[in-house]
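Number of protein chains: 4
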Amino acid sequence: MCRWAAYLGPELFLEDVIASPCHSLIAQSHDAHEAKTRTNGDGFGVAWYGARDEPGLYRDILPAWSDQNLRSLSRQIKSHLFLAHVRASTGGVTSRMNCHPFVSGKWSFMHNGQIGHFDRLRRGLESRLDDSIYAQKLGSTDSELIFLLMLQHGLDQHPAQSLAATVNTIKAEAERIGVPAFIRLTAAFSDGQHLYAVRYATDRFAPSLYTATLSPNAGLCVVSEPLDGEAGNWMPVPPNSFVTVKDTKRIAIEPFMIADEFTPALESV
Amino acid sequence: MCRWAAYLGPELFLEDVIASPCHSLIAQSHDAHEAKTRTNGDGFGVAWYGARDEPGLYRDILPAWSDQNLRSLSRQIKSHLFLAHVRASTGGVTSRMNCHPFVSGKWSFMHNGQIGHFDRLRRGLESRLDDSIYAQKLGSTDSELIFLLMLQHGLDQHPAQSLAATVNTIKAEAERIGVPAFIRLTAAFSDGQHLYAVRYATDRFAPSLYTATLSPNAGLCVVSEPLDGEAGNWMPVPPNSFVTVKDTKRIAIEPFMIADEFTPALESV
Amino acid sequence: MCRWAAYLGPELFLEDVIASPCHSLIAQSHDAHEAKTRTNGDGFGVAWYGARDEPGLYRDILPAWSDQNLRSLSRQIKSHLFLAHVRASTGGVTSRMNCHPFVSGKWSFMHNGQIGHFDRLRRGLESRLDDSIYAQKLGSTDSELIFLLMLQHGLDQHPAQSLAATVNTIKAEAERIGVPAFIRLTAAFSDGQHLYAVRYATDRFAPSLYTATLSPNAGLCVVSEPLDGEAGNWMPVPPNSFVTVKDTKRIAIEPFMIADEFTPALESV
Amino acid sequence: MCRWAAYLGPELFLEDVIASPCHSLIAQSHDAHEAKTRTNGDGFGVAWYGARDEPGLYRDILPAWSDQNLRSLSRQIKSHLFLAHVRASTGGVTSRMNCHPFVSGKWSFMHNGQIGHFDRLRRGLESRLDDSIYAQKLGSTDSELIFLLMLQHGLDQHPAQSLAATVNTIKAEAERIGVPAFIRLTAAFSDGQHLYAVRYATDRFAPSLYTATLSPNAGLCVVSEPLDGEAGNWMPVPPNSFVTVKDTKRIAIEPFMIADEFTPALESV
Numbered sequence: 001m002c003r004w005a006a007y008l009g010p011e012l013f014l015e016d017v018i019a020s021p022c023h024s025l026i027a028q029s030h031d032a033h034e035a036k037t038r039t040n041g042d043g044f045g046v047a048w049y050g051a052r053d054e055p056g057l058y059r060d061i062l063p064a065w066s067d068q069n070l071r072s073l074s075r076q077i078k079s080h081l082f083l084a085h086v087r088a089s090t091g092g093v094t095s096r097m098n099c100h101p102f103v104s105g106k107w108s109f110m111h112n113g114q115i116g117h118f119d120r121l122r123r124g125l126e127s128r129l130d131d132s133i134y135a136q137k138l139g140s141t142d143s144e145l146i147f148l149l150m151l152q153h154g155l156d157q158h159p160a161q162s163l164a165a166t167v168n169t170i171k172a173e174a175e176r177i178g179v180p181a182f183i184r185l186t187a188a189f190s191d192g193q194h195l196y197a198v199r200y201a202t203d204r205f206a207p208s209l210y211t212a213t214l215s216p217n218a219g220l221c222v223v224s225e226p227l228d229g230e231a232g233n234w235m236p237v238p239p240n241s242f243v244t245v246k247d248t249k250r251i252a253i254e255p256f257m258i259a260d261e262f263t264p265a266l267e268s269v
Numbered sequence: 001m002c003r004w005a006a007y008l009g010p011e012l013f014l015e016d017v018i019a020s021p022c023h024s025l026i027a028q029s030h031d032a033h034e035a036k037t038r039t040n041g042d043g044f045g046v047a048w049y050g051a052r053d054e055p056g057l058y059r060d061i062l063p064a065w066s067d068q069n070l071r072s073l074s075r076q077i078k079s080h081l082f083l084a085h086v087r088a089s090t091g092g093v094t095s096r097m098n099c100h101p102f103v104s105g106k107w108s109f110m111h112n113g114q115i116g117h118f119d120r121l122r123r124g125l126e127s128r129l130d131d132s133i134y135a136q137k138l139g140s141t142d143s144e145l146i147f148l149l150m151l152q153h154g155l156d157q158h159p160a161q162s163l164a165a166t167v168n169t170i171k172a173e174a175e176r177i178g179v180p181a182f183i184r185l186t187a188a189f190s191d192g193q194h195l196y197a198v199r200y201a202t203d204r205f206a207p208s209l210y211t212a213t214l215s216p217n218a219g220l221c222v223v224s225e226p227l228d229g230e231a232g233n234w235m236p237v238p239p240n241s242f243v244t245v246k247d248t249k250r251i252a253i254e255p256f257m258i259a260d261e262f263t264p265a266l267e268s269v
Numbered sequence: 001m002c003r004w005a006a007y008l009g010p011e012l013f014l015e016d017v018i019a020s021p022c023h024s025l026i027a028q029s030h031d032a033h034e035a036k037t038r039t040n041g042d043g044f045g046v047a048w049y050g051a052r053d054e055p056g057l058y059r060d061i062l063p064a065w066s067d068q069n070l071r072s073l074s075r076q077i078k079s080h081l082f083l084a085h086v087r088a089s090t091g092g093v094t095s096r097m098n099c100h101p102f103v104s105g106k107w108s109f110m111h112n113g114q115i116g117h118f119d120r121l122r123r124g125l126e127s128r129l130d131d132s133i134y135a136q137k138l139g140s141t142d143s144e145l146i147f148l149l150m151l152q153h154g155l156d157q158h159p160a161q162s163l164a165a166t167v168n169t170i171k172a173e174a175e176r177i178g179v180p181a182f183i184r185l186t187a188a189f190s191d192g193q194h195l196y197a198v199r200y201a202t203d204r205f206a207p208s209l210y211t212a213t214l215s216p217n218a219g220l221c222v223v224s225e226p227l228d229g230e231a232g233n234w235m236p237v238p239p240n241s242f243v244t245v246k247d248t249k250r251i252a253i254e255p256f257m258i259a260d261e262f263t264p265a266l267e268s269v
Numbered sequence: 001m002c003r004w005a006a007y008l009g010p011e012l013f014l015e016d017v018i019a020s021p022c023h024s025l026i027a028q029s030h031d032a033h034e035a036k037t038r039t040n041g042d043g044f045g046v047a048w049y050g051a052r053d054e055p056g057l058y059r060d061i062l063p064a065w066s067d068q069n070l071r072s073l074s075r076q077i078k079s080h081l082f083l084a085h086v087r088a089s090t091g092g093v094t095s096r097m098n099c100h101p102f103v104s105g106k107w108s109f110m111h112n113g114q115i116g117h118f119d120r121l122r123r124g125l126e127s128r129l130d131d132s133i134y135a136q137k138l139g140s141t142d143s144e145l146i147f148l149l150m151l152q153h154g155l156d157q158h159p160a161q162s163l164a165a166t167v168n169t170i171k172a173e174a175e176r177i178g179v180p181a182f183i184r185l186t187a188a189f190s191d192g193q194h195l196y197a198v199r200y201a202t203d204r205f206a207p208s209l210y211t212a213t214l215s216p217n218a219g220l221c222v223v224s225e226p227l228d229g230e231a232g233n234w235m236p237v238p239p240n241s242f243v244t245v246k247d248t249k250r251i252a253i254e255p256f257m258i259a260d261e262f263t264p265a266l267e268s269v
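Here the protein sequences come in this chain order: A, F, W and Z.
According to this note's numbering, the residues represented by the first sequence are 1 to 269, in order.
According to this note's numbering, the residues represented by the second sequence are 1 to 269, in order.
According to this note's numbering, the residues represented by the third sequence are 1 to 269, in order.
According to this note's numbering, the residues represented by the fourth sequence are 1 to 269, in order.
Hints in this document: simulated from the structure, not taken from any laboratory.
Check the hints yourself; a few may be wrong.
Since copy identity is lost for identical chains, a pair holds within one copy or between any two.
As the list claims (entries may be wrong) - Mimicking DSSO-like on lysine-lysine, the simulated pairs with C-alpha atoms at most 27 Å apart in a straight line are:
| no. | residue 1 | residue 2 |
| --- | --- | --- |
| 1 | Lys171 | Lys137 |
| 2 | Lys36 | Lys171 |
| 3 | Lys106 | Lys78 |
| 4 | Lys249 | Lys78 |
| 5 | Lys249 | Lys171 |
| 6 | Lys249 | Lys36 |
The structure presented is a predicted model; accordingly, all values stated were derived computationally and were not measured.
Required output: the full structure, derived from the provided sequences and hints.
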């Protein structure tokens, strides 16, 4: 289980989310409150949108709390849209290639959760990928594979549906090999324009997800747990929800994978 | 505050102390019970005596729990005498040079604790070192400096006295610049023959220190906290004590820095 | 293109091969003479046999020339059989998982060379692996995949044939997808008892391979290039040869992949 | 001996200097032409000025050629003024704290060269530093100490004189302990407004230094060796010169340490 935070809104320094709040992401790397594992010291990463269509990416294997580069970069870099992640491995080795976010073209993706029986599902799932997408696989985590499956299932055309199709693919593969489908999935992803998030699980324990504006004039944060440690200031996102943030004023929270049909409908806040 | 474990006795694999016990040093790196900081993820190190007079040294900046090399090395390397350490920084940056143990010739040293006001005491203390000893300084921690001061004060000739002289030097320097002397010092060190340890503080909170034999036929461990998580199986070393382990059957625990005089006297267990 | 050195014989310190010779493996990491790339700074690794059936493994992403741990470990660890490697990436990222040697159970393997069109051949080759072998894949290099294919093709039962079958599999896959087969392969591997090596290429440029005894009483080295920089002291292994070292006195060099049949025959030196 | 490049002018992506030119700094890390050591693989760093008074700083111990983070960061970050460095150690260990540039407040500094007999001069030189400056020392290189001595000698008030005073201090200390003064010093430094550089040596072998505009509309580069490998496009800076770049059109090259007096005089190009 990991911790992450995403931001969309007026440009601000990465450190305003990553380092400065009292329960900032760096603080959570050392002492998370709502995570299965208190310590998230198995690497970190940040993807931010700025001067290019594709995001910048900085990932390393040190704990976030001890990386001097992260401190300096997050003090210098401003962005209107970024994803930041601290990792607690549920199996994969600690390497840069296994650190989130993962990036492909303009897309970035990060994840908190896991696929049960992943070691047995892995090959069947990988076989669903086209060569061009498979070639992008650099690590060995379930999280990276979820992202690649989303690309396979049309992330570019319809983000929510690609994620639903990915979940269904995992379920189908589990059924095929005869293991119970077990998925916990709280993820954020972006194409550089909108910010998407999901909170989902096949059981009752979907990893926590909150949203709030950092301040009256700042943009919107979507996070694993409140950056100020004050749950009262944050809106919990219900389990089995899909979140679309178009801008600070337009956030839509819809059911995800509850019924057969999935009908996204963007609403004003 | 860090965690450490030292061993002297019949040869055993490093992993029997570092990785295998239920509350092994690697387990403590993730979840220490008696430390000020639960997580000890700012690097680790092990010094072991074997084929040479000087010890082997393996240190790295990853958390001990995620280092595959440490797992493999501790499964392969046998030693009759070794020191292992997981670090929680109280200030210094995370670098290999700041990881314990520190080594000089045949001596190895590791430490849990800190010198108060170290930033103000540092230069005065460094000025006490001969050029040849100062030249060995590679990092920037108070721990390394304690070790160098011990070398300066005759570690080779009389280990306990060199440590007492080091403590007195730190106190004198604090007095000289007008800050209260504040030292917490639970350390282990070795010349490849004997194993020495100390538990000391200028206040009532000397960091914990325990000793026990791992099994009827195994040697003696001196540790920050019990390797099996069972305090009942371990003998706590009282505060302000100096420990000398000559072999599994001969361990001496004497007062340290309590009165003016310091009279080591080796006793049978 | 990488550099490597393997040893079998009376126990000696790893440093006697890795660090001490004038053109040691560490020296070659900085300045190789016969390699396509002079610098081999993309990580290193060593696998050695000792107290366990499976080898110890130490790999890291720094250049070998600057790793203090490697210096200390190779001064302390003695072995009668070990493989050491310095890497110059031909494509894969620099990560520990991509560093040689690769290890599986009692087997270790390291490689200098490459598979042409690997990005296009990769999936087809991976599909030949059983689940249990595929699950061991942690990196993304052609070298690791060669090793896994050898395991697939019966490395345990008949080492040379498993390698020949692997080469044939690669050729067949190239033919299947319509690219010319291009393989350069100078590798060493061991089960902890014998040391095997191969020098092979589909063109005239099989990477160099030499063998020699380090000294009258020492064991046998098989290397990418002479450890003393003196080609005259070393016996070049001809291209398309398979080498079996049973002990210092028994080394067999046989044709590899030259005709259809492959008839290993062990000979005294 | 290291390689470095500095830029001042209209904002451009760091990669336009670090990664894109045919003989870019990353290319030089692998294969320098005019350096004593062809490989500069002992870490790298970049300091850039942007949103804050103090520069951003990214340093790591990998060779520049294999660091994915450096590639991404230099594609995203734009700056009007930056310093970038690839390191070839002349003694100090490979650690982030020993990588250039060094930063203090608004100042950044990087260096190619060395102080002869540094191990014997080090303590005497350190003793010249005020406590507040000494406290900034994190590594163990001669380069960092030169920077701290410049801060000590009034870098804020008069950059060239502070460097001259530093050179004189080193010479005086060498004389005091009775070793010949030997200094090679090709350095760049900045306060976020101007870019300064020096080419100096006590012998006839001052490390090379060139300057050129990257393109008609781009700013000015000051470099260890030409970024396009074409010496004809670059102006060599004579030995014993001090360079001040106020903007693209105003560069002054003056004698440094040639006579007793040092009279800076800014000229138009």
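Q | Contradicted hints - numbers only | A | 5 and 6
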